[in-house]
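Enquirer: Take a look at the letters that make up each chain.
Protein chains: 2
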Amino acid sequence: MASAFSFELEAVDSGTSARAGRWSTPHGKVETPAFMPVGTLGTVKGLLPEQLRLVGVQMVLANTYHLALRPGSELVRDLGGLHRFMDWDGPILTDSGGFQVFSLAQLRQLDDEKAVFRSHIDGSLLELSPERAIRIQEDLGADCIMCLDECAPADDSPERLRTAVDRTTLWAQRCRDAQKRTDQALFGIVQGGTDEALRIRSAAGLVPLNFPGYAVGGLSVGEPPSDMYRTLDFTVPQLPDDRPRYLMGVGTPTDLIEAVSRGIDLFDCVMPTRHGRNAMAFTSTGAIRLRNAIHARDETPLDSECCCTACRRYSRAYLRHLFIAGEMLGPILLSLHNTAFYQKLVRELRIAVNSGTVTEFRANHLAQWNRQT
Amino acid sequence: MASAFSFELEAVDSGTSARAGRWSTPHGKVETPAFMPVGTLGTVKGLLPEQLRLVGVQMVLANTYHLALRPGSELVRDLGGLHRFMDWDGPILTDSGGFQVFSLAQLRQLDDEKAVFRSHIDGSLLELSPERAIRIQEDLGADCIMCLDECAPADDSPERLRTAVDRTTLWAQRCRDAQKRTDQALFGIVQGGTDEALRIRSAAGLVPLNFPGYAVGGLSVGEPPSDMYRTLDFTVPQLPDDRPRYLMGVGTPTDLIEAVSRGIDLFDCVMPTRHGRNAMAFTSTGAIRLRNAIHARDETPLDSECCCTACRRYSRAYLRHLFIAGEMLGPILLSLHNTAFYQKLVRELRIAVNSGTVTEFRANHLAQWNRQT
Chain A
1 MASAFSFELE
11 AVDSGTSARA
21 GRWSTPHGKV
31 ETPAFMPVGT
41 LGTVKGLLPE
51 QLRLVGVQMV
61 LANTYHLALR
71 PGSELVRDLG
81 GLHRFMDWDG
91 PILTDSGGFQ
101 VFSLAQLRQL
111 DDEKAVFRSH
121 IDGSLLELSP
131 ERAIRIQEDL
141 GADCIMCLDE
151 CAPADDSPER
161 LRTAVDRTTL
171 WAQRCRDAQK
181 RTDQALFGIV
191 QGGTDEALRI
201 RSAAGLVPLN
211 FPGYAVGGLS
221 VGEPPSDMYR
231 TLDFTVPQLP
241 DDRPRYLMGV
251 GTPTDLIEAV
261 SRGIDLFDCV
271 MPTRHGRNAM
281 AFTSTGAIRL
291 RNAIHARDET
301 PLDSECCCTA
311 CRRYSRAYLR
321 HLFIAGEMLG
331 PILLSLHNTA
341 FYQKLVRELR
351 IAVNSGTVTE
361 FRANHLAQWN
371 RQT
Chain B
374 MASAFSFELE
384 AVDSGTSARA
394 GRWSTPHGKV
404 ETPAFMPVGT
414 LGTVKGLLPE
424 QLRLVGVQMV
434 LANTYHLALR
444 PGSELVRDLG
454 GLHRFMDWDG
464 PILTDSGGFQ
474 VFSLAQLRQL
484 DDEKAVFRSH
494 IDGSLLELSP
504 ERAIRIQEDL
514 GADCIMCLDE
524 CAPADDSPER
534 LRTAVDRTTL
544 WAQRCRDAQK
554 RTDQALFGIV
564 QGGTDEALRI
574 RSAAGLVPLN
584 FPGYAVGGLS
594 VGEPPSDMYR
604 TLDFTVPQLP
614 DDRPRYLMGV
624 GTPTDLIEAV
634 SRGIDLFDCV
644 MPTRHGRNAM
654 AFTSTGAIRL
664 RNAIHARDET
674 PLDSECCCTA
684 CRRYSRAYLR
694 HLFIAGEMLG
704 PILLSLHNTA
714 FYQKLVRELR
724 IAVNSGTVTE
734 FRANHLAQWN
744 RQT
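One line per chain: the protein sequences are A and B, in this order. Each residue of the first sequence is one higher than the one before, counting from 1 in our numbering. Each residue of the second sequence is one higher than the one before, counting from 374 in our numbering.
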C-alpha cells in the first residue's frame, strides 16, 4: 500500500531527538520537520494557494468532519477530489473527523461500533464509524488520512481513558481493513492522555498494525505544556524510527521546538491563521498585538526578519489601521505573515537538525518568544 | 499647476460621443475609459495591490471622509502619503468627503462657509470647509483630488438644488484658491440633479475656473437610469473636450456603456467589490448569484471568458461552497473576479472606440447583461 510513499531520515540532531526527513507522497515531497496550515473547509482561511506556496507551505490539512457536512465528501469526490476542488496540488492530510465529533458536535451515543452525533450546523443526526471515516477520506482523496480514534477528555478517569485507548486500537484495525485506495497513507493515532502506561499500551496496540506513519493525538487539549512535553518524552520512543510522526493540533512556536526536539516530524495548528485574524502576529522578537495604540504611528515592518508581503511592503501603522477599520486585508495579511513565520521556524529547525545545533537553536530562540496559547 | 498632468484624446467613436484617451499623472498613465475600484479606507476590500494590477486596474479611489476619521490624514501624511501607506504606486483619486458628509454623517449645520457634522463612528463634532477638504486631500497626496461640493438630495426643490449648485461653484473657487500642492489635479464637480438648466448653470460656473478635469456628481443616487443617461446627454457637452470627465459613483456595466457612449472617461463604484462580497458575480452572460443551489455541483468556471484567478482555477461549486461555509476566500475571489470583469469591460470599450464600433458593442452586449442595481 505504501509504495507511493517513502520516508527517508536524513539526519538526527546530536543533542536532542530532533530529526530531519524527506517524505514522498503522491503529490510531492515534504521536507520535515513540517508545519501544515489548517484548511478546515478546503481553504486556509483568507489565503490563496499561491500565497501559501510563496511562504514555503508544503502540505495543508483539511477537516473531514467539516467537509463531510459542507459540501459533502461525495460532492468533492464527484468534482475530482479535494486537490482539484481547492486547487492545491501539493500533499494534503485529512483528519478522521473524530476530534470534531468529540469536541464540536453533540455526541448522542458512542460504542465500539460507532459514534452517533448531531451536526453542529443543523442538528441533523449523523454517524461516524471507522469504515465511514475511511470512506469519506477516500472520497476526499488526501495523500495522508487518519484512523478514527476516540478522543476522550484529558481529565477522564483512568478507566475511561483506557477504554478509549483500546477502542482506538480496535478502530485502527477496522480502518486498515476498510481502506481500499492504495494511494493514501493511513496513520494510526496514539491516545492515552498524559498517562505513560496508557500511551505505551496504545502504541503497543498500533505499532504491530504497521501503519506508514503515526500520529500523537489527545494533546494540546488544555493540559499544561510541561505535561505535553513529558508525554512526548515517553510516547515518541514507542513509535518506529522509520515512519513520520505527527503531533496533531499543536501548537505554539515553543511547542514546535520542544516537540521537534523530542522527535516529532509533522504539525498542524489553527494558531497562525486564527491569531492572524485576531490581530496577533508572531515575530522574531515576540508576539505583537496590532490593535495596541503603540503601533498607530509605527513605520517599521511587523518583523524585520520576515520577507512576507505583509512585512516587506507595509508598516505596523497600516496593518493596525486595517484592523481598527475592520478591513479584510488585515486578517489576510496577518494570516499570511503568521503562516510565513511558522514555515520559517520549521525550516530553521530543519537546518538546525542538519547542523546538529537544535539545543543552541532552542536556547537562543525560546527566551525571546512569548508563549501564545 | 497641471504640468504633471496631460490628457490626450486618442480617438472619438464615429457613432457615439465615446472617447479613448490617455491621461498622464505623477504616478503613471491611465488609459481611458477607465474604472477605479474603491479603496475607501486605503484598501480595496479584500484585495492586494498586485491582485488589482494583475486584472488591469490602473487607478484606485480612496475616500477622504473615511480616511480623515480613521486613521487621520495627518497620520497618513506623516507616514509618507497614501501611495506609500497602502502600497499602491499607481494613480490615486480622492473624493472631497462631501458626499459622505451629506449621506453618512449626521449633518448639523450647513452654510456657505462650511458643513458641520457628527462622525458616523463616534458622534464627534467635525467640520468640513473647502479649505479643509483641500488640506486633507493634500495630506493624503492623491494624484487627483476633488473640490468640495454640496450634494443635495435628488428630490430637493428646484430652489434648494439651485442653492446647492451656486454653493458648489463658490466652494470650487475657494478650493482652487486653497490648493498649495502643484502635483495634484483638482477637479470641479458639476451638480444640479436631473435638471437641464441647473446642470448648465453649474457647468457655466465651473468651466471658467479652468480645472484640469471635471466630474459629474449627484447621479446614481436613486433616480431611474434613464434620468441619469438623459442628464448626461445635456451635461457632458457643457464640459471641455480636452479634459478628463469623471462620472462619480457609477455604476452597473450597463451604466458604464451608456455613460462612455455619452463621453465619460472615468468611473468609480463599490459595486464590483460589494456585490462580490455578497456572492454576486458579473459575467459575460449575465449576473450569477452563487448562493443559488443550482451551482452546488457545477464544475464550470464562473465566466469562461474571464482569465482571473477565480475563473481559471475554481469551479462554481467551490466558489459557492466558500460562501455557504462563510469562508473569506469567497468574498476575496468574487471581488477579484468582478474587478477583473469591470476592467475587461472598459478595455473592450476602449478598443471599440478606437475601432469606431461602440454602437455595435453596446447593442451586442447590453442584451445579455442583467441590470444590477
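Think of the hints as simulated: they come from the structure by calculation, not from any bench. One or more hints might be untrue.
Below are the DMTMM-like pairs computed for lysine to aspartate or glutamate, each with C-alpha atoms no more than 25 angstroms apart in a straight line [said to hold, decoys possible]:
#1 B:K553 - B:D495
#2 A:K114 - A:D87
#3 B:K717 - B:E381
#4 A:K344 - B:E423
#5 B:K717 - B:E500
#6 B:K717 - A:D139
Enquirer: It remains to establish, for every hint, whether it holds in the given structure.
Expert: Tested hints:
1. Only pairs whose Cα atoms come within 25 angstroms are accepted, and B:K553 paired with B:D495 is rejected, the gap being roughly 31 angstroms.
2. Proximity of A:K114 to A:D87 is assessed by CA-CA distance (about 33 angstroms); at most 25 angstroms being required, the pair is judged violated.
3. With a C-alpha separation of about 22 angstroms, the suggested pair B:K717 and B:E381 falls inside the 25 angstroms cut-off, and the hint holds.
4. For a cut-off of 25 angstroms, the pair hint linking A:K344 to B:E423 stands: about 23 angstroms separates their Cα positions.
5. Only pairs whose Cα atoms come within 25 angstroms are accepted, and B:K717 paired with B:E500 is rejected, the gap being roughly 40 angstroms.
6. The hinted pair formed by B:K717 and A:D139 fails the criterion: a straight-line CA distance of about 38 angstroms is larger than 25 angstroms.
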